[in-house]
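Engineer: Spelled out, the chains give:
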Amino acid sequence: MKKFIIDPMDLSVDEINELVDLADDIIKDRSRYQDVCRHKILATLFFEPSTRTRLSFESAMLSLGGNVLGFPSGNVSSATKGESVTDTIWTVSCFSDIIAMRHPKEGAPRVAIRRSKVPLINAGDGGHNHPTQTLTDLLTIHREKGRFDHLTVGFCGDLKFGRTVHSLVKAMSRYEGVRFVFISPEELMLPDYLKEDLLDPLGIPYKEVRSMEEVMSDLDILYMTRVQQERFFNEQDYLRLRDTYILDLKKLDNAKKDLCIMHPLPRVNEISTEVDDDPRACYFKQVENGRYIRMALILSLLNLDHEVERL
Amino acid sequence: MKKFIIDPMDLSVDEINELVDLADDIIKDRSRYQDVCRHKILATLFFEPSTRTRLSFESAMLSLGGNVLGFPSGNVSSATKGESVTDTIWTVSCFSDIIAMRHPKEGAPRVAIRRSKVPLINAGDGGHNHPTQTLTDLLTIHREKGRFDHLTVGFCGDLKFGRTVHSLVKAMSRYEGVRFVFISPEELMLPDYLKEDLLDPLGIPYKEVRSMEEVMSDLDILYMTRVQQERFFNEQDYLRLRDTYILDLKKLDNAKKDLCIMHPLPRVNEISTEVDDDPRACYFKQVENGRYIRMALILSLLNLDHEVERL
Amino acid sequence: MKKFIIDPMDLSVDEINELVDLADDIIKDRSRYQDVCRHKILATLFFEPSTRTRLSFESAMLSLGGNVLGFPSGNVSSATKGESVTDTIWTVSCFSDIIAMRHPKEGAPRVAIRRSKVPLINAGDGGHNHPTQTLTDLLTIHREKGRFDHLTVGFCGDLKFGRTVHSLVKAMSRYEGVRFVFISPEELMLPDYLKEDLLDPLGIPYKEVRSMEEVMSDLDILYMTRVQQERFFNEQDYLRLRDTYILDLKKLDNAKKDLCIMHPLPRVNEISTEVDDDPRACYFKQVENGRYIRMALILSLLNLDHEVERL
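Residue numbers (numbering that gives the first Met the number 0), protein chains in the order written: chain F, 0 to 310; chain D, 0 to 310; chain X, 0 to 310.
FYI, nobody ran anything at the bench for these hints, they're computed from the structure.
If you're wondering where the values come from, they're calculated on a predicted model, not measured in any experiment.
Each hint should be verified, as a subset may be incorrect.
Each pair may be met inside one copy or between any two copies, as identical chains are not told apart.
Unchecked claim - Here are the computed lysine-lysine pairs in the DSS-like style, where the Cα-Cα straight-line distance is at most 30 Å:
#1 Lys255 to Lys116
#2 Lys256 to Lys116
#3 Lys1 to Lys206
#4 Lys284 to Lys206
#5 Lys250 to Lys116
#6 Lys80 to Lys159
Produce the complete structure using the sequences and hints provided.
Structural biologist: Structural data, given as structure tokens:
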């Protein structure tokens with residue numbers, strides 16, 4: 000395993016399979032892993048706040064018997080005194096055994112690792128990468144479907160700015176027989192570069208549509224995202240379009256019985272709460288999977304993944 | 000034991016006795032409890048800051064051998080992204096074994112528990128409830144007096160807005176032979192509903208007075224609270240009245256030898272520091288009791304209270 | 000060992016030797032110390048943020064098997080409600096076994112300890128004292144040079160306001176054969192009181208110069224500090240002088256082979272990153288030493304330093 004996880008694509012298909020297997024094993028019997036990281040310290044350095052991601056990392060480390068220190072937002076870090084990210088990470092790598100870092104600037108993790116003495120996981124750098132979210136999504140797909148290949152994956156909402164969408168499209172493009180359906184308003188369509196540089200050269204089939212209803216029955220996976228008002232030129236457009244991208248039970252009428260509905264969370268109203276009790280709703284399973292895949296990743300980066308004999 | 004503690008009155012008299020007994024047992028021999036919560040995680044979610052309460056919860060969990068994660072104030076939570084409290088708690092309940100939540104809005108905990116997969120303790124919701132403060136007060140009364148019944152309990156200061164006062168009045172109303180004395184300026188008298196809906200129907204004797212001196216010799220308990228300047232219409236009224244509600248050694252002249260002086264803290268100047276060394280000052284004993292009753296409550300909610308054989 | 004460490008000069012030369020010996024022993028075999036503080040709680044109370052110092056304390060306590068609680072900045076403490084520092088510390092001392100406190104006001108720790116039931120370490124009070132930084136510097140000097148006496152110690156940069164400089168000058172003044180060289184712009188010279196009240200009466204030799212080059216070859220230690228723009232009357236002066244106080248490889252041309260370059264960090268640009276790979280660069284060793292000396296200090300204050308048999 001590499002020492003630094005910056006981009007989800009840093010991981011090979013084989014490495015992802017290993018992580019998914021390890022996470023599966025952890026889920027099977029958590030108690031066997033509960034002391035593996037004893038005396039180890041995870042530093043969670045969040046230069047911008049992201050409570051969900053931070054708590055997921057901290058829960059993962061504590062569930063492995065390890066310890067946690069860090070900061071929850073940039074205004075309590077000493078970056079305000081003009082210190083470089085390289086120096087901050089160098090310093091914290093003297094205090095910890097592994098680092099999870101969130102930073103508002105794209106590319107910050109590449110600068111951060113220059114002097115790091117310990118493994119580092121990018122926990123999100125601006126609109127760029129967020130590898131543990133992608134790994135969470137992959138684990139969820141694998142646990143729900145038993146495979147990565149031969150799936151029709153729909154993405155719905157803001158496909159222009161949603162980094163989790165871009166990353167998952169890239170990650171799923173590596174598997175055979177995968178088809179994509181992109182459901183979005185015209186203003187928020189998937190960026191051209193992903194189609195021209197990735198999907199087209201690989202000959203991966205995809206469709207772009209304006210509404211869920213017309214494609215719902217084809218989907219194995221429906222990945223919902225938030226449509227933020229500030230992405231629109233004017234309020235009327237936003238109000239007119241918003242409801243089209245809200246998933247409710249009615250829109251699920253002709254969906255497959257084993258559709259897997261995902262969402263990176265937080266949601267505002269793009270999935271109606273009436274869907275929450277539907278067995279196809281997997282977005283809170285994703286939250287749980289996020290903890291387990293982070294446990295697997297921490298173990299791998301600390302080279303402790305073989306400390307526990309697999310079941 | 001219930002799964003959720005929202006209102007101190009959620010607990011029956013019997014359940015309170017059980018908690019008090021358990022806390023007493025913990026105080027007798029802390030070392031027997033120091034590993035009971037090993038591998039368990041408490042989430043402290045403070046949507047508004049309250050350092051004293053948060054640290055008390057965290058100290059309680061750490062003293063049981065458990066772990067802690069969370070956030071100390073709302074501005075580092077993802078509520079800012081428009082997520083509902085229900086979703087936030089649902090998420091965090093995937094990361095932890097028990098939650099303590101503080102929220103500025105009354106009623107927030109009832110919304111929060113809708114999807115929680117783990118026990119939740121209300122650590123204060125606006126001016127509404129704060130059950131662990133009430134339990135702290137009850138443990139202190141029981142440890143100092145050996146009983147809850149047949150006590151004359153004085154409350155002094157801001158009785159209009161002080162939620163700890165309202166809760167403790169309700170909680171103590173359940174015991175036989177309890178009498179209340181309410182000492183406050185006219186502007187800050189106990190709300191009518193407590194008298195009309197609670198005390199009068201139960202026939203509980205109470206007195207309302209303007210100064211401590213006239214009732215001091217009757218009291219078994221004197222519960223002091225802060226008188227905040229912003230509660231008054233004008234500064235003159237505040238300045239005129241303030242000193243009347245400051246407890247000093249002189250005002251204790253004709254108090255009982257075993258009076259128990261309480262305060263929920265923080266204090267500003269409503270108890271003169273000259274009282275701190277008086278053996279009747281119990282407000283820092285309250286702080287310690289707050290830790291122990293929270294240990295008892297965490298153990299009960301996690302169903303671990305019978306893991307340790309009682310002395 | 001004392002119960003409270005407020006000023007680095009609170010510690011005798013013998014006590015410093017003991018701490019340095021203990022830190023050396025910890026560095027030799029960390030695993031022997033990894034559970035010594037089990038079930039103990041360190042409270043880190045940072046009324047003003049200082050991530051480096053806080054994380055160093057937390058890492059130290061976790062590396063001893065202990066636990067940590069606290070707050071990272073004043074705006075999440077209840078000082079905002081008008082509570083005195085004495086009361087806050089009294090409260091927290093009911094929740095913890097040892098306290099590390101940072102406060103923006105000089106002298107705050109003396110007020111803080113009045114009612115503290117547990118040991119307290121001053122983690123910096125305004126521009127005043129910062130004893131664990133001084134201990135970190137001393138451990139670094141001792142590890143690099145094997146002694147405290149007969150050294151020529153240069154200080155460079157802002158010698159007027161730099162509290163770490165003042166403290167280290169005081170601490171090193173106690174050893175035989177020590178000589179000082181003070182390198183600074185006229186505006187930022189060492190305060191007169193240190194020369195007139197400390198160095199002159201003890202007959203300690205010192206020199207004051209304007210540039211590093213003229214004294215570099217004499218130095219055993221070069222202690223760099225940040226030159227802050229806001230210390231200057233005008234921008235021209237700052238820009239004119241700044242470069243003089245930036246250490247680069249060229250300025251090290253005629254330095255001793257075993258010069259020890261130190262910096263309390265964070266640095267902005269006063270040490271060029273090209274120096275980072277020079278074996279004489281010791282500033283990140285200082286970071287590591289900071290963790291170890293804090294481990295030693297925590298053990299001593301908790302009277303656990305003799306729990307582990309020395310190697």
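Engineer: All hints are to be evaluated individually against the structure, with a verdict given for each.
Structural biologist: Each hint, compared with the structure:
1. Taking CA atoms no more than 30 Å apart as the test, Lys255 paired with Lys116 passes between copies only; the shortest distance there is 28 Å, against 49 Å inside one copy.
2. Proximity of Lys256 to Lys116 under the C-alpha cut-off of 30 Å is restricted to the inter-copy arrangement: shortest distance 26 Å between copies versus 49 Å within a copy.
3. When the C-alpha separation of Lys1 and Lys206 is checked against a cutoff of 30 Å, the pair qualifies neither within a copy, at 35 Å, nor between copies, at 51 Å.
4. For the identical chains of this complex, Lys284 and Lys206 are intra-copy neighbours only, at 27 Å inside a copy versus 56 Å across copies, given an alpha-carbon limit of 30 Å.
5. In this assembly of identical chains, the alpha carbons of Lys250 and Lys116 lie at most 30 Å apart only when taken from different copies (28 Å versus 51 Å within one copy).
6. In this assembly of identical chains, Lys80 and Lys159 lie within 30 Å of each other by CA distance solely across copies; the values are 19 Å between and 35 Å within a copy.
Hint violations for this structure: number 3 only, all remaining hints satisfied.
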